[in-house]
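So the protein lines, in turn, are chains A and B.
With my numbering, letter number 62 in the first sequence gets 62, and the count goes up by one each step, no holes.
With my numbering, letter number 28 in the second sequence gets 28, and the count goes up by one each step, no holes.
Hints listed in this document are in silico derivations from the structure and should not be mistaken for laboratory results.
Treat the hints with care, since some could be wrong.
[To be verified] Listing some non-contacts, in silico: residues in chain B with all C-beta distances to chain A over 10 Å:
no.	residue
1	L293
2	D346
3	E394
4	E559
5	L569
6	A570
[Unchecked claim] Computed far set for chain A versus chain B, every beta-carbon distance over 12 Å:
no.	residue
7	N54
8	S108
9	G117
10	Y127
11	T133
12	V145
13	N170
[Stated by the list, open to error] For the chain A half of the interface with chain B, some residues (derived, Cβ under 8 Å), not all of them:
no.	residue
14	G21
15	G69
16	V77
17	L78
For each residue, glycine too, the CB sits at the ideal point set by N, CA and C.
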Amino acid sequence: MSQPPDRQEYNITAYTENQVGLLNRIAIIFSRRKINIDSLNVSPSEIEGIHRFNIVITETEEVVSKLAGQIEKQVEVLKVYHNPNADVIWQEMALYKVPTDVIAEKASVERLLRENGARAVVIRKDYTVFETTGHREETDALIKVLQPYGLIEFVRSARIAIIKASDGFNHKLREFERREPGEEVAENEFLNSRDAVFTM
Amino acid sequence: MPGEVNTVSAVAEAPAVAAEATSGASQAPAATSDAVPAASAPLTTGATAVLDILLAEGVDTIFGYPGGAIIPIYDALYDFNDRLNHVLVRHEQGGIHAAQGYARASGRVGVVFATSGPGATNLVTGLADAQIDSTPLVCITGQVFAHLLGTDAFQETDIINITTPVTKWNYQVTKAEEIPEALAKAFYIARSGRPGPVLIDITKNAQLQPFHFAPYVPCTHIRSYRPKPVVRPEYLREAAALINQAERPFVLWGQGVILGKAELEFKAFLEKSGIPAAWTILGAGALPTSHPLNVGMLGMHGNYGPNVLTNECDVLIAIGMRFDDRVTGRLDKYAHQAQVIHLDIDPTEIDKNVPATVPVWGDCKETLPLLTALIEPKTHPEWHERFKGYMAEEVAAVINDELFPTGEELTMGEVLHQLNELTQGEAIIVTDVGQHQMVACRYARFNHTRSNITSGGLGTMGFALPAAIGAKFGAPERPVVAIIGDGGIQMTIQELGTIMQTGVEVKIIILNNRFLGMARQWQELFIARRYSFVDIQSPDYVAVAAGYRIAGRRVEAREDLQPALRQMLAQPGSFLLEVLVAKENNIFPMVPQGCSVAEIRLR
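Please model the complete structure; the sequences and the hints are all you need to start from.
The following block contains the structure:
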């Protein structure tokens, strides 16, 4: 199946309450439309009690903005942003487990690891675990490098992303806690770029 | 016992919505009870607290069905019999449709009780219906003891996850202390913003557990939830500018006008602007049928002019409607020539199906008066003539034959026409789904808002009988007429038992064409009359009604129709009137699926 040219990776960032069942409520927004989630990270944000979702999907801007709206519509979701890769700084972490004897014997492996920015997390007699962070291609590249040396196990985290243009969520959250929303709490701005139509 | 009730009734006297919350109900469960030192609050069981809270929220009627996991709440209900009217239904689906009918007729939140497992799963169709039709409901289900969750205990089902896609919000309570906050949020969420169904699942231990129940504080704020958008005047100014320069403006309105209780504001807007206005079936009745600016029904079986002229207007003003595919037909040929102004409280509806030139995000109760103030008074006489022309064509081609047939067989339309003559548009009409629904929506006369109760978005057959029961409880002063096909009635016919037991007065008209008529019509028109499993047999409905001690009559001949309708309406108590109508009548006009609204067929 060929992809329409306007489909690309989007990073959806959602700030939510920490509530049982909310993950399902958000996940079914995608599965209902038969959209696959490429990557999903949920973790506590810098604000206590608020969690941050990072969701990566490959879709058109129109589809993503509608999905973001549906997510933000959920009662326990505070705010949703969506950005193409160009608008975020993103990283994935990867762990590689390789036999220690191979590393010890072959100096070339050590060099390869250094070239790929990996560092040892655990060194045992039988195996060593290396860690690296980067974009998908970078963590993939190290798999290829280590494969000939008896890679035992590999794991990669979900993507986390920082929005380049964001001016932080702290001040917005303070607005959310007020009963009367102020003009500066831009909500639903994802709906379109029509000059803060959906601000409240 | 009396002490506990007094604590709450003091709160109950204050209007729930106006009550000032002293603590953020959105905070951790403990926050609400922090308002009063826990130890000084009276000890109450979770079950009794549920009922006290229902009273504090102004609930007067509950539709429900008991069972093992909700027995403690029913036990507490035994002592609330004088303050809460519980309607024992015959099936939980009937219970939730009744609550929907209650909510739609009254504008209040419908309340449902059901037990765990099958009791809870039987609510799913009604939840989906209420979700898509924005009906405020609070459903309370019993659940197995918290320590049994996930063990496949008897009548355990994961109702929270089952209902997540079909509820606006849901929550499982496993401790009695969580009940006040959970229910406060439930009522607030169900009725605010774009309304919808909420389900609260309460484990049996939480119902039985005594806890210190502080005075109840209704919820008025949840930090992550913004039900009331701030209106942006610049978009109202843009909208007004478009309307003021429009030569052929056209208003489409939906249930948002009714949900926003903005009927007067809507009428004032129309009368100043002089714009012709057409309705979606859920919007019917917000403006009286006879109002000169009401040009009829939109959509697949709507009126001729409103469909054709959708593709000729220059400014389309959509108010509280969501451009459902049954309204728009083929989207890529829908109103491309028009500038679109979309007023809606739900931002995800704006630009969802039809891109808006000017989005007016807000509660139409607020936005409409602001818009009315900015527009110039106009009448658009030539444009109205276009609608009249199309209506004359439709009357000649379709409506005359339907309302004043000359053939031997009775038509559904003439039943509606005769009913209009007798009720004069004063009745609440509750319909099921199918051909009779389209006929009823097309031809029933409505003088008042909240008069057309039908399953619009989900198209739930079996909706009408229980919804009519609920509508009568919600609006006891108004006559309620259920119009149901011979297919739909057989889906929830057991609710005749609810009518029998409660004595609620519902007039039931079964339009029996001995077919699942809408499916048959499609098979006739589009699949070369391959009538696959659409011929459905019926029991002797009058005998069935008699078995439930409900009066009934069957009509086959035209001369008996009016006397039978008179008898039905005049006779006190419920009445079932079966009318045998033509077997193979089709509903026209029709926008065939995949066609543009302008390609609407008259025959």
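Structure-based check of all given hints:
1. The beta carbon of L293 of chain B sits about 29 Å from the closest Cβ of chain A, which is more than 10 Å, so the claim that it is off the interface holds.
2. D346 of chain B, annotated as away from the interface, has a beta carbon of chain A within 10 Å; the closest lies near 7 Å.
3. Non-interface call for E394 of chain B relative to chain A: holds, since the shortest CB-CB distance, roughly 36 Å, exceeds 10 Å.
4. Every CB of chain A lies more than 10 Å from the CB of E559 of chain B, the least distance being 53 Å, so the non-interface label holds.
5. Residue placement check: L569 of chain B keeps its beta carbon more than 10 Å from all beta carbons of chain A (closest about 44 Å).
6. Every Cβ of chain A is farther than 10 Å from the Cβ of A570 of chain B; the closest lies at roughly 48 Å, confirming the non-interface assignment.
7. With a least CB separation of 18 Å from chain B, N54 of chain A remains clear of the 12 Å interface cut-off, as annotated.
8. No beta-carbon of chain B is positioned within 12 Å of the beta-carbon of S108 of chain A; the least distance is around 52 Å.
9. With a cut of 12 Å on Cβ distances, G117 of chain A stays outside the contact zone with chain B, its closest approach being about 39 Å.
10. In this structure Y127 of chain A is separated from chain B by more than 12 Å, as the shortest Cβ-Cβ distance comes to about 36 Å.
11. Residue placement check: T133 of chain A keeps its beta carbon more than 12 Å from all beta carbons of chain B (closest about 31 Å).
12. Once the 12 Å rule is applied to beta carbons, V145 of chain A is consistent with being away from chain B; the minimum gap is 43 Å.
13. With a closest Cβ-Cβ approach of about 14 Å to chain B, N170 of chain A is found to remain outside the 12 Å limit, as its non-interface label requires.
14. At about 6 Å, the closest approach between the beta carbon of G21 of chain A and any beta carbon in chain B falls short of 8 Å, and the interface hint on this residue holds.
15. The criterion of a C-beta within 8 Å of any C-beta in chain B is met by G69 of chain A, whose closest approach is roughly 4 Å, and the hint holds.
16. Interface restraint check: V77 of chain A against chain B, minimum CB-CB distance 6 Å, threshold 8 Å, status holds.
17. Interface hint at L78 of chain A: satisfied, since its Cβ lies 4 Å from the closest Cβ of chain B, which is below the 8 Å cut-off.
The structure shown violates just one earlier hint, number 2.
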